[in-house]
Amino acid sequence: MTKIIKKYTYLFVSFFKASLMAELEFRFNIAARIVTDIVWYIAQLSVFEVLFRHTENLSGWTLPETRVFMGLLFVTDSIFMMLFSENLDRMGEKVRRGELDLLLVKPVNSQWMMSFQKVSVAYIGNFLISSAWLAWSLSQIESFKPINTLWLLLTVPIGLSIVYAIRFLTSATALFFTRADAINYIWYQVYRLGTRPDTIFPQILRYMILTVMPIAFLASVPAQIILGKSGPQLLVLGGTLSILLVYASSRFWKYGLKSYSSASS
Amino acid sequence: MLGCARLAALQQLEYRFNLLADTMIQPFVVGLVEITLWMAFFASSGQAELAGFGREYYLSYALWAAFISRVSTSWMYESLMIQDIELGTVNSVLVRPISFFEYYLGQLMGYKVLTTAISLMAPITLCLFLDLPVSLSRLPLALALTFYYLILVHVISMIIASLGFFFTRIHHLTVAKNITLWMLTGEFFPLDIAPEPFKSILTALPFSSAVFRPVGYLTERLPVSTIYEGFLSVTIGLLVLGPVAALLWNAGRRRYSGTGA
Chain A
0 MTKIIKKYTY
10 LFVSFFKASL
20 MAELEFRFNI
30 AARIVTDIVW
40 YIAQLSVFEV
50 LFRHTENLSG
60 WTLPETRVFM
70 GLLFVTDSIF
80 MMLFSENLDR
90 MGEKVRRGEL
100 DLLLVKPVNS
110 QWMMSFQKVS
120 VAYIGNFLIS
130 SAWLAWSLSQ
140 IESFKPINTL
150 WLLLTVPIGL
160 SIVYAIRFLT
170 SATALFFTRA
180 DAINYIWYQV
190 YRLGTRPDTI
200 FPQILRYMIL
210 TVMPIAFLAS
220 VPAQIILGKS
230 GPQLLVLGGT
240 LSILLVYASS
250 RFWKYGLKSY
260 SSASS
Chain B
0 MLGCARLAAL
10 QQLEYRFNLL
20 ADTMIQPFVV
30 GLVEITLWMA
40 FFASSGQAEL
50 AGFGREYYLS
60 YALWAAFISR
70 VSTSWMYESL
80 MIQDIELGTV
90 NSVLVRPISF
100 FEYYLGQLMG
110 YKVLTTAISL
120 MAPITLCLFL
130 DLPVSLSRLP
140 LALALTFYYL
150 ILVHVISMII
160 ASLGFFFTRI
170 HHLTVAKNIT
180 LWMLTGEFFP
190 LDIAPEPFKS
200 ILTALPFSSA
210 VFRPVGYLTE
220 RLPVSTIYEG
230 FLSVTIGLLV
240 LGPVAALLWN
250 AGRRRYSGTG
260 A
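Each protein sequence line maps, in turn, to chains A and B.
Here the first sequence is numbered in numbering that gives the first Met the number 0, starting from 0 and rising by one per residue.
Here the second sequence is numbered in numbering that gives the first Met the number 0, starting from 0 and rising by one per residue.
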């Protein structure tokens, strides 16, 4: 087991170095990515900043609490973008162009290779900026107990695993369909449901984003837990769902590979 | 240009599920998320009105904004324009008896006409079914402004694509530009509820003609004069950005040497 962990850690470090070198070739691109995400952060924040000028409470969330929610969303999103986004976004293209064949012949788990081959190093900048925003927004809440931030060690990986697994499942449909773009579009819309606190949604939709499509674990549940608005019981559900979904993604990948016919020349 | 428009429409019809996702599913989910936000706002705040308009006006606005914003955005064609310049396939357009600008404008318009025809069925049906405030007789003028605004969007796309002659990777500019416009157009909330000075700045910019003005007019929030102001504001935008696009394009072409791709 230790040998396997060592092997994958070494591989990840190698991928990281290769990605860093590749990205440093295009420095303007790195700056553009960081700026793009900052604009996205401002866009998301502006909605709540404007709404809270007209009310003090939005389905149980105050403005400072909503800022914490957004901070968690940005932090988790930046990690997702750094590790998985580009790899999973390009999965369809890799399948169509036959690049998948090259991954399949390597003595490494193909799902792992497909998920981690490229690290978007530019998002380290976004991670730092969003972490600073999160720290500032938490400092604005008087009743906040700093010890609660330890929950992030559990909530963030759970949220990331869930988002990764769902995104992987949607991307892996490329093994069955020539163009799975539409399914990817739908993923982005489902993701949008996670960019709002879950309590604003009607009961049925809220239930769905906590169970069937558990995107609420991206930021909503972690924010509720570290703010003490909800007990850690939801984490048990989140943890179980994350394990089940990652397992399902692995099974689905293996099943899809059976119907995959090589396209490379 | 009409031929290019027809070509774009036919290409889109090749992948019907993608078209359906693009024109119906995406805006429907976006509308749903925004509508729930407004429902939560009115339920939590205890207010019956915001800036003189009740809950139904905001629900109608959120629904229409999601669909109209799809019409007034250009992702795909801008990416194709950039790709053409990056890969050198721009050569195949340059030798045609139509300019690069017209070639892609024709395709953009053809695609948008098709998108509009399909996607607007959903908000019309939902508004009638849910009895949300909307004046369908105002739809032609509102759409006329949106399509006029699309010319401005295309000019901005020309500017970004022309930068491809000077820089190696510029795809992220498209994303940055679209997210910025997304914020400035009024898709998230009616721009007139923003605090000053943002309210005055945002409503004066031509980007408010993408969503805020047409949707505000359509949902009876704004008078017809705002549509005329929108036409004027977009015209000023075209007069300012048009020469910039032409300048960059011509400078880029002079610098570019085709490799026969």
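You may find that some hints are simply not true.
Claimed, not checked - With a straight-line Cα cutoff of 20 Å, these simulated SDA-like cross-link-like pairs (lysine to any residue) come out:
#1 B:198 / A:117
#2 B:176 / A:33
#3 A:117 / B:176
#4 B:176 / A:93
#5 A:117 / B:200
#6 B:176 / A:43
#7 A:117 / B:179
#8 A:93 / B:82
#9 B:176 / A:38
To be verified - Restraint-style ranges between C-beta atoms, simulated for each label pair:
#10 B:139 / A:228: 46 to 52 Å
#11 A:96 / B:168: 16 to 22 Å
#12 B:240 / A:257: 48 to 54 Å
#13 A:176 / B:117: 20 to 26 Å
#14 B:135 / A:102: 51 to 57 Å
#15 B:53 / A:176: 52 to 58 Å
#16 B:19 / A:191: 43 to 49 Å
#17 B:227 / A:131: 41 to 47 Å
#18 A:12 / B:53: 54 to 60 Å
#19 B:19 / A:111: 32 to 38 Å
#20 B:246 / A:12: 43 to 49 Å
#21 B:194 / A:16: 42 to 48 Å
#22 A:246 / B:91: 46 to 52 Å
I should point out that these hints are in silico values taken from the structure, not numbers from a laboratory.
Think of the CB as a built atom: it goes at the ideal place given N, C-alpha and C, for glycine as much as any other residue.
How the hints compare with the structure:
1. About 42 Å separates the Cα atoms of residue 198 (chain B) and residue 117 (chain A), which puts this hinted pair outside 20 Å; it is violated.
2. Among the hinted pairs, residue 176 (chain B) with residue 33 (chain A) is consistent with the structure: their alpha-carbon atoms are about 13 Å apart, no more than 20 Å.
3. Only pairs whose Cα atoms come within 20 Å are accepted, and residue 117 (chain A) paired with residue 176 (chain B) is rejected, the gap being roughly 25 Å.
4. Straight-line distance between C-alpha atoms of residue 176 (chain B) and residue 93 (chain A) comes to about 27 Å, which puts the hinted pair past the 20 Å bound.
5. With a CA separation close to 41 Å, the supplied pair residue 117 (chain A) and residue 200 (chain B) exceeds the 20 Å bound.
6. Distance hint between residue 176 (chain B) and residue 43 (chain A) is fulfilled; the C-alpha atoms sit about 15 Å from each other, no more than 20 Å.
7. Simply put, residue 117 (chain A) and residue 179 (chain B) have alpha-carbon atoms about 27 Å apart, too far for the 20 Å limit, and the pair is violated.
8. The hinted pair formed by residue 93 (chain A) and residue 82 (chain B) meets the criterion: a straight-line CA distance of about 18 Å does not exceed 20 Å.
9. A threshold of 20 Å between alpha carbons decides the hint, and for residue 176 (chain B) with residue 38 (chain A) the separation of about 9 Å falls inside it, so the pair holds.
10. Between residue 139 (chain B) and residue 228 (chain A) the Cβ separation comes to about 48 Å, which falls inside the hinted range of 46 to 52 Å.
11. One distance hint, 16 to 22 Å for the beta-carbon pair residue 96 (chain A) and residue 168 (chain B), holds here, with the actual separation near 20 Å.
12. A hinted range of 48 to 54 Å holds for the C-beta pair residue 240 (chain B) and residue 257 (chain A), which are about 53 Å apart.
13. The hinted range of 20 to 26 Å is satisfied by residue 176 (chain A) and residue 117 (chain B), whose Cβ atoms lie roughly 21 Å apart.
14. Range check, residue 135 (chain B) to residue 102 (chain A): about 53 Å between beta-carbon atoms, so the 51 to 57 Å window is met.
15. For residue 53 (chain B) and residue 176 (chain A), the hinted distance range of 52 to 58 Å is not satisfied, since their beta carbons lie about 44 Å from each other.
16. For the hinted restraint 43 to 49 Å between residue 19 (chain B) and residue 191 (chain A), the CB-CB distance of approximately 18 Å leaves it violated.
17. At about 45 Å, the CB distance of residue 227 (chain B) to residue 131 (chain A) agrees with the hint of 41 to 47 Å.
18. About 58 Å separates the C-beta atoms of residue 12 (chain A) and residue 53 (chain B), a value consistent with the hinted range of 54 to 60 Å.
19. For the pair residue 19 (chain B) and residue 111 (chain A), the beta carbons lie near 34 Å from each other, so the given range of 32 to 38 Å is met.
20. Hint check: residue 246 (chain B) to residue 12 (chain A), Cβ distance near 47 Å, so the stated range 43 to 49 Å holds.
21. Residue 194 (chain B) and residue 16 (chain A) have their C-beta atoms about 47 Å apart, which keeps the hinted 42 to 48 Å range intact.
22. For the pair residue 246 (chain A) and residue 91 (chain B), the beta carbons lie near 48 Å from each other, so the given range of 46 to 52 Å is met.
Checked against the numbered hints above, the structure breaks hints 1, 3, 4, 5, 7, 15 and 16 and satisfies the rest.
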